[in-house]
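Keeping their order, the protein sequence lines are chains A and B. 1 is the number of the first residue of the first sequence in the numbering used here; add one for each residue after it. 1001 is the number of the first residue of the second sequence in the numbering used here; add one for each residue after it.
Think of the hints as simulated: they come from the structure by calculation, not from any bench. What you are looking at is a predicted structure, and each value in this text was computed from that prediction instead of being measured. Heads up, some of the hints might be wrong.
Sample of chain A residues at the chain B side, in silico, Cβ under 10 angstroms [as the list claims (entries may be wrong)]:
1) 4
2) 35
3) 45
4) 65
5) 96
6) 100
7) 104
So the derived label-pair ranges between C-beta atoms look like this [stated by the list, open to error]:
8) B:1097 <-> A:39: 20 to 26 angstroms
9) B:1076 <-> A:53: 35 to 41 angstroms
10) A:74 <-> B:1029: 28 to 34 angstroms
11) A:16 <-> B:1018: 49 to 55 angstroms
12) B:1052 <-> A:113: 31 to 37 angstroms
13) A:53 <-> B:1012: 44 to 50 angstroms
14) A:16 <-> B:1020: 42 to 48 angstroms
15) A:53 <-> B:1017: 43 to 49 angstroms
No residue lacks a Cβ here, since even glycine has one placed at the ideal position from N, Cα and C.
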Amino acid sequence: EAGVAQSPRYKIIEKRQSVAFWCNPISGHATLYWYQQILGQGPKLLIQFQNNGVVDDSQLPKDRFSAERLKGVDSTLKIQPAKLEDSAVYLCASSVDLNTEAFFGQGTRLTVV
Amino acid sequence: GNSVTQMEGPVTLSEEAFLTINCTYTATGYPSLFWYVQYPGEGLQLLLKATKADDKGSNKGFEATYRKETTSFHLEKGSVQVSDSAVYFCARQGAQKLVFGQGTRLTINP
């Protein structure tokens, strides 16, 4: 069974530029998560989808971050404009539903310079 | 609220030593509990889970027991190997939220 796919693996951008990350969850998984993991910290939930609806985006900095999952499958996370403090690993995860274990992709390491 | 508190690291042990990494969680509702492991340069992998009180999750020689009376889910292994060097995360899933602890970096020396 294919796992969660993320791209790109690495990205370096200058501050104030924009960037987008892509995630393809495990087939049949209704729930999709985006987490931000700053070096030395645990993952912090940015946004959570159930199919194509948002369940929780309370910690998403909505002035610069946006995410969508239009057809309830793939998802994109965008940052515009980026700040230095956005440097982190962005993890996508999926689960069968809201109450089962999540499976993670390898993440996208973003460096903002 | 929903939170998880992990034993602060880093933890350094010799090969074949006994390992305990402490984890406590907020007792709101009836959460499921997980341990995830992150090897260098990789994403998080599910190590083990427990979905109700007194359940014991186990995998690859690691164990953790869901203790409702102490709101704990401590990770243990009887004899660690160099290949166990990684960052370990305790996580709590309840009320449709999956919340992680801050992680514990484990280094095993030969």
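| query | Regarding the hint that residue 104 of chain A lies at the interface with chain B, is the smallest CB-CB distance below 10 angstroms? | reply | OK, holds: residue 104 of chain A within 10 angstroms of chain B, min 4 angstroms.
| So the hint says 35 to 41 angstroms: do the beta-carbon atoms of residue 1076 of chain B and residue 53 of chain A match that? | Cβ of residue 1076 of chain B to Cβ of residue 53 of chain A: about 39 angstroms, so the range 35 to 41 angstroms holds.
| Taking the least C-beta to C-beta distance, is residue 96 of chain A closer than 10 angstroms to chain B? | 12 angstroms, violated
| said: Just to be careful: measuring from the Cβ of residue 4 of chain A to every Cβ in chain B, is the smallest value less than 10 angstroms? | reply: It holds, given that the least Cβ distance between residue 4 of chain A and chain B is near 8 angstroms, below 10 angstroms.
| Does the nearest C-beta of chain B fall within a distance shorter than 10 angstroms of the C-beta of residue 65 of chain A? | 19 angstroms, violated
| query | Can we keep the residue 100 of chain A interface hint, with Cβ of chain B closer than 10 angstroms? | reply | 8 angstroms, holds
| request: Check the following: the C-beta atoms of residue 1052 of chain B and residue 113 of chain A are separated by a distance inside 31 to 37 angstroms. | output: Once the Cβ atoms are compared, 47 angstroms apart, the range 31 to 37 angstroms for residue 113 of chain A and residue 1052 of chain B is violated.
| message | Min Cβ distance, residue 45 of chain A to chain B: is it shorter than 10 angstroms? | response | 7 angstroms, holds
| said: For the hint 42 to 48 angstroms, verify it against the beta carbon of residue 16 of chain A and that of residue 1020 of chain B. | reply: Hint holds: Cβ distance 46 angstroms, inside 42 to 48 angstroms.
| Measuring from beta carbon to beta carbon, are residue 74 of chain A and residue 1029 of chain B in 28 to 34 angstroms? | 32 angstroms, holds
| said: Assuming the hint says 44 to 50 angstroms, is it satisfied by the Cβ distance from residue 53 of chain A to residue 1012 of chain B or not? | reply: For residue 1012 of chain B against residue 53 of chain A, whose Cβ atoms are near 45 angstroms apart, the range 44 to 50 angstroms holds.
| said: Can you tell me whether the CB distance of residue 1097 of chain B to residue 39 of chain A sits inside 20 to 26 angstroms? | reply: 23 angstroms, holds
In this structure, the earlier hints numbered 4, 5 and 12 are contradicted, and the remaining ones agree with it.
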